[in-house]
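Novice: Could you put the whole structure together from the sequences, leaning on the hints where they help?
Number of protein chains: 2
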Amino acid sequence: MAVIVQKYGGSSVADTERVMAVARRVVDTARQGHQVVVVVSAQGKTTDQLIAKAKEISKNPPKRELDMLLATGEQASIALLAMAIDSLGQPVISLTGPQGGILTDTQHTKARIRMVNGDRIREELQKGQVVIVAGFQGLTPNNDIATLGRGGSDTTAVAVAAALDADVCEIYTDVDGVYSADPRLVPAARKLKKIDYGEMLELAFQGAKVLQPRSVEVAAVYGVAIHVRSSFSYEEGTMVREVDSVEREITVTGVASDENCAKVTLAGIPSDVHTLCHIFTSLAQVGINVDMIVQAAASKGTTHLSFTVTREDLDETLSTIARIKGEEAWEVFADDNVAKVSIVGAGMMTNPGVAAKMFEALTEENIPVFVVSTSEIKVSCLVPRDRHVDAVRACHRKFELDAVK
Amino acid sequence: MAVIVQKYGGSSVADTERVMAVARRVVDTARQGHQVVVVVSAQGKTTDQLIAKAKEISKNPPKRELDMLLATGEQASIALLAMAIDSLGQPVISLTGPQGGILTDTQHTKARIRMVNGDRIREELQKGQVVIVAGFQGLTPNNDIATLGRGGSDTTAVAVAAALDADVCEIYTDVDGVYSADPRLVPAARKLKKIDYGEMLELAFQGAKVLQPRSVEVAAVYGVAIHVRSSFSYEEGTMVREVDSVEREITVTGVASDENCAKVTLAGIPSDVHTLCHIFTSLAQVGINVDMIVQAAASKGTTHLSFTVTREDLDETLSTIARIKGEEAWEVFADDNVAKVSIVGAGMMTNPGVAAKMFEALTEENIPVFVVSTSEIKVSCLVPRDRHVDAVRACHRKFELDAVK
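Protein chains in written order, with our numbering: chain A, 12 to 416; chain B, 12 to 416.
Keep in mind that the hints are not guaranteed to be accurate.
Any copy, or any two copies together, can satisfy a pair, since identical chains are not distinguished.
Okay, derived cross-link-like pairs now, EDC-like style, lysine to aspartate or glutamate, Cα gap no bigger than 20 Å in a straight line [as the list claims (entries may be wrong)]:
id: 1; residue 1: Lys66; residue 2: Glu28
id: 2; residue 1: Lys205; residue 2: Asp178
id: 3; residue 1: Lys70; residue 2: Asp26
id: 4; residue 1: Lys204; residue 2: Asp413
id: 5; residue 1: Lys66; residue 2: Asp26
id: 6; residue 1: Lys205; residue 2: Glu247
id: 7; residue 1: Lys70; residue 2: Glu28
Hint data in this document are derived by calculation from the structure and do not stem from the laboratory.
Specialist: Below is the structure:
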């Protein structure tokens with residue numbers, strides 16, 4: 012008997028028919044003798060509709076109250092899924108994030124899970140019940156409901172799997188696995204049988220949209236095996252787990268792109284560490300994640316600083332910067348017509364010349380590169396948004412990813 | 012500075028415009044220097060829509076899961092109202108029933124409030140905030156969400172008012188007070204300036220639809236003054252409070268009718284107390300409230316028993332009776348083409364002949380009476396549903412209620 016955590020996204024439970032299909036799948040698994048915990052997102056476009064409703068009332072609703080509103084989306088879907096599973100004769104109970112022991116920090120709309128108290132889930136499992144837990148939400152130390160931000164349900168599932176020491180965390184989605192590139196952009200893209208946490212993390216961060224990055228981080232820390240698979244078929248998907256170094260033969264595993272980025276450039280700012288530190292600390296305090304950062308020396312004592320943020324965060328970034336700038340003489344430019352293209356692969360760190368090969372691929376297609384950033388297992392380039400598909404295809408071709416076995 | 016609890020029903024917060032109107036009213040009250048707690052129901056038809064959604068998935072959804080689903084309705088409206096109040100510059104916080112310390116028993120979909128722990132509400136009030144509490148819901152001893160059943164938000168408001176020792180509990184509704192009869196049925200009906208708890212209780216039970224009966228019971232026990240008034244005007248409504256006996260001059264205060272009833276007749280059952288007790292205990296165990304009961308001796312050792320239940324409870328009543336009946340020889344008849352008409356008045360108990368006058372009014376209109384039940388302050392008659400409006404008008408006329416000052 013295994014402990015299996017299954018996570019179903021919003022599109023998997025979008026309507027009554029799909030809720031019933033998920034219910035049948037869950038009951039199948041339970042009847043194979045496994046203990047099953049199901050983590051589920053809000054139905055279809057519910058979250059977007061709730062946000063629209065909030066914006067009708069207030070342009071800038073308090074984040075705590077927005078969380079109160081958004082949390083109703085998952086609460087409705089856990090109840091409906093529980094009813095569907097019950098109607099198939101399988102004992103079941105639904106738990107909200109707070110009831111499921113999902114404890115978060117107080118950063119509303121972007122909260123992070125601090126710990127999972129699995130007592131209630133274990134107790135309900137021991138009664139022979141399937142346990143459904145609301146994804147995307149948890150309880151703050153103030154006894155308030157917080158949401159984890161977009162894609163947070165993946166993180167809930169992995170954190171629950173870690174707390175229960177589950178055998179596997181199955182993430183059901185509308186694609187059948189992780190690909191060497193987005194198949195909608197690159198028809199020759201291949202499904203990967205397995206992928207390392209680090210590679211998956213870079214692919215996810217770079218916009219592969221299959222798994223939420225934070226969920227991969229948590230999986231890596233606790234060694235949770237994630238099985239990414241389709242909710243529409245019983246085919247094997249992609250296993251995300253620790254891959255032994257002897258298995259690593261491929262230099263580049265995949266290509267990812269992310270259109271949700273905007274570039275901010277601060278021209279002529281003082282080059283002292285104090286100013287830079289102040290800027291990034293201030294952005295962090297309002298919860299803005301800065302991604303790529305480049306700095307180039309300008310005239311004496313000043314520097315040009317460029318960095319990227321998500322497009323949603325651009326307004327708040329600019330107003331935060333304006334506050335810091337005050338009467339200072341430097342200039343601020345913003346550009347959200349950009350996209351990030353990345354090549355990812357754990358084998359990369361031992362293979363020189365990978366970055367050069369990527370630039371070559373882009374140059375051959377006359378695609379300008381605004382910003383570059385690299386890590387041990389990825390190279391990212393910021394390119395014009397209207398060229399990012401060309402860039403992904405060029406890289407996929409250059410690294411012969413369709414030929415990978 | 013007074014402590015004021017205001018309760019707004021679903022129609023008062025049905026859309027964005029009305030939510031804003033309620034927000035302005037709340038902020039007005041807060042700016043007069045009062046501490047304000049707002050209890051709010053789900054928006055418009057939300058609860059009905061959620062029930063329909065549940066029924067799509069399962070004909071007989073588990074009640075715990077139905078509560079999980081229904082509770083999202085109020086949770087959405089408290090969040091939206093909080094956003095609206097915040098947008099007017101007034102500090103505010105919303106609390107779900109469980110967060111607001113509304114503690115219930117475990118009878119899902121029909122839970123009763125066992126106590127209100129007002130600590131968190133008081134704490135948030137002391138920070139100078141308006142506090143919004145979700146009506147209709149609370150926390151069971153199992154840490155589950157339970158709903159109080161239809162109209163439960165009134166009870167939440169009164170229970171919160173009792174816990175906070177509030178100066179008044181204002182119930183905002185789409186009518187401007189309690190009338191001597193439903194003005195839609197009786198154009199000559201008069202608004203009452205004040206009414207006794209007992210009279211209000213009978214009027215509410217008999218279907219006046221203005222206040223939930225349980226809320227009046229709680230108000231009577233804790234001496235909470237209820238002000239029933241319109242959310243569309245600033246006019247005074249009706250005060251529900253202890254009325255001194257010296258103030259009681261009027262025999263009949265009002266006429267009420269209730270279409271939500273069904274009659275069940277058990278013909279030829281054994282007349283021993285054991286059988287009767289078994290029947291009513293079994294119905295109580297599945298949470299069915301029996302209202303009017305009459306028993307008439309039939310042939311030797313058997314009896315005819317008739318009683319009424321709500322129409323929703325009719326199916327479950329019949330299946331419960333069928334289980335008890337087993338192979339017994341008695342017969343079961345059901346009739347849901349009935350309605351109950353009642354005259355109510357605290358002055359009634361000292362005035363003989365009131366019931367006789369009611370029968371006279373009905374006889375003059377050729378309205379048959381199936382079942383009669385009386386209490387110290389009311390007389391109820393079960394009549395054919397298609398005659399109930401005639402019956403209400405006849406009684407209203409007979410007791411000269413439009414002439415009451």
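Novice: Please write out, lowest number first, the hints stated earlier that are contradicted by the structure.
Specialist: none
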